[in-house]
Amino acid sequence: MLDIIEETREIKLFVLETNGIIFGANKSFMKEVLDYSKVYTRISIKAGEPESLTWRTGAEGRFYELPFKAVKYFNDKAEPLKRFRVAAMTDPRIMSSSERKKLLGGYGKLTLF
637 MLDIIEETRE IKLFVLETNG IIFGANKSFM KEVLDYSKVY TRISIKAGEP ESLTWRTGAE
697 GRFYELPFKA VKYFNDKAEP LKRFRVAAMT DPRIMSSSER KKLLGGYGKL TLF
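In this note's numbering, the protein residues as written are 637 to 749.
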């Protein structure tokens, strides 16, 4: 699909929305995506704790750190290209302030900001 997007002149930009799990598990996928000039990746972080990841997404808690790893990989390789961003789900109606702090603390460990 990304090959078709890249070859279609009418498409100027394609936003790839991901939870980051596959990219965190295998860095080579990130490298492949960066080969496409029209692809802008947005990594959505949905939890600050393993149990919350399972509750919100159905993903096993053991995969909790993979989205953060994906952010690190993209930050190291894609940031100079300005082709990725992070979206953090921090709605206080579904995330406690302590979990929100953990989530944002995970970013701090990656030295993103």
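Hints in this document: simulated from the structure, not taken from any laboratory.
Hints are supplied without guarantee of correctness; some may be wrong.
[To be verified] Computed spacing ranges between beta-carbons, pair by pair:
id : residue 1 : residue 2 : range
1  : T644      : K713      : 32 to 40 Å
2  : E685      : E646      : 23 to 31 Å
3  : T644      : S734      : 22 to 30 Å
4  : I647      : K738      : 34 to 42 Å
5  : K713      : I641      : 15 to 23 Å
6  : K648      : R692      : 16 to 24 Å
7  : E646      : P686      : 38 to 46 Å
8  : R645      : G694      : 17 to 25 Å
9  : E642      : R698      : 33 to 41 Å
10 : R698      : R645      : 38 to 46 Å
[Stated by the list, open to error] Cut-off 20 Å, straight-line C-alpha distance, at most; resulting in silico cross-link-like pairs (EDC-like, lysine to aspartate or glutamate):
id : residue 1 : residue 2
11 : K705      : E735
12 : K648      : E668
13 : K713      : E668
14 : K708      : E653
15 : K674      : E646
16 : K667      : E642
17 : K737      : D671
18 : K674      : E653
19 : K718      : E653
20 : K713      : D727
21 : K674      : E642
22 : K737      : D727
23 : K708      : E668
24 : K708      : E685
25 : K718      : E668
26 : K738      : E687
27 : K648      : E687
28 : K737      : E685
29 : K667      : D639
30 : K705      : E687
Positions of the beta carbon are idealized from the N, C-alpha and C atoms, including for glycine.
Hints, one by one, checked against the model:
About 25 Å separates the C-beta atoms of T644 and K713, a value inconsistent with the hinted range of 32 to 40 Å. About 43 Å separates the C-beta atoms of E685 and E646, a value inconsistent with the hinted range of 23 to 31 Å. Checked against the hint of 22 to 30 Å, the pair T644 and S734 fails, with Cβ atoms roughly 46 Å apart. Judged by the Cβ atoms, the range 34 to 42 Å given for I647 and K738 holds: they are separated by roughly 38 Å.
Take K713 and I641: their Cβ atoms lie about 20 Å apart, and the range 15 to 23 Å holds. A hinted range of 16 to 24 Å for the beta carbons of K648 and R692 is inconsistent with their spacing of about 32 Å. In this structure the supplied range 38 to 46 Å holds for E646 paired with P686, their Cβ-Cβ distance being about 42 Å. Range check, R645 to G694: Cβ separation about 38 Å, and the 17 to 25 Å hint is violated.
For E642 and R698, the hinted distance range of 33 to 41 Å is satisfied, since their beta carbons lie about 34 Å from each other. The given range of 38 to 46 Å is respected by R698 and R645, whose C-beta atoms sit roughly 43 Å from each other. Only pairs whose Cα atoms come within 20 Å are accepted, and K705 paired with E735 is accepted, the gap being roughly 18 Å. A hinted pair counts as satisfied when its Cα atoms are at most 20 Å apart, and K648 with E668 qualifies at roughly 19 Å.
A threshold of 20 Å between alpha carbons decides the hint, and for K713 with E668 the separation of about 12 Å falls inside it, so the pair holds. Restraint check for K708 and E653: satisfied, since their Cα atoms lie roughly 16 Å apart, inside the 20 Å limit. For a cut-off of 20 Å, the pair hint linking K674 to E646 stands: about 11 Å separates their Cα positions. For the hint pairing K667 with E642, the CA-to-CA distance comes to about 16 Å; that is within 20 Å, so the pair holds.
At roughly 34 Å between alpha-carbon atoms, K737 and D671 are farther apart than 20 Å, so this suggested pair is violated. Simply put, K674 and E653 have alpha-carbon atoms about 14 Å apart, close enough for the 20 Å limit, and the pair holds. Our distance criterion of 20 Å between C-alpha atoms is met by K718 and E653, whose separation comes to about 15 Å. At most 20 Å may separate the alpha-carbon atoms for a hinted pair to count; K713 and D727 exceed this at roughly 29 Å.
Using a Cα cut-off of 20 Å, the hinted pair K674 and E642 holds, with the two alpha carbons roughly 6 Å apart. As the CA atoms of K737 and D727 are separated by approximately 12 Å, the hinted pair is consistent with the 20 Å bound. For a cut-off of 20 Å, the pair hint linking K708 to E668 stands: about 16 Å separates their Cα positions. For the proposed pair K708 and E685, the alpha carbon gap of about 18 Å is at most 20 Å, so the pair holds.
In summary, the hint linking K718 to E668 is supported, as the alpha carbons are separated by about 16 Å, within the 20 Å threshold. The suggested pairing of K738 with E687 holds, with an alpha-carbon distance near 13 Å, which does not exceed 20 Å. Our distance criterion of 20 Å between C-alpha atoms is broken by K648 and E687, whose separation comes to about 39 Å. Taking the CA atoms of K737 and E685, the gap is about 10 Å. The hint holds against a cut of 20 Å.
Between K667 and D639, the direct Cα distance comes to roughly 15 Å. Compliance with the 20 Å bound is thereby established for this hinted pair. For the proposed pair K705 and E687, the alpha carbon gap of about 18 Å is at most 20 Å, so the pair holds.
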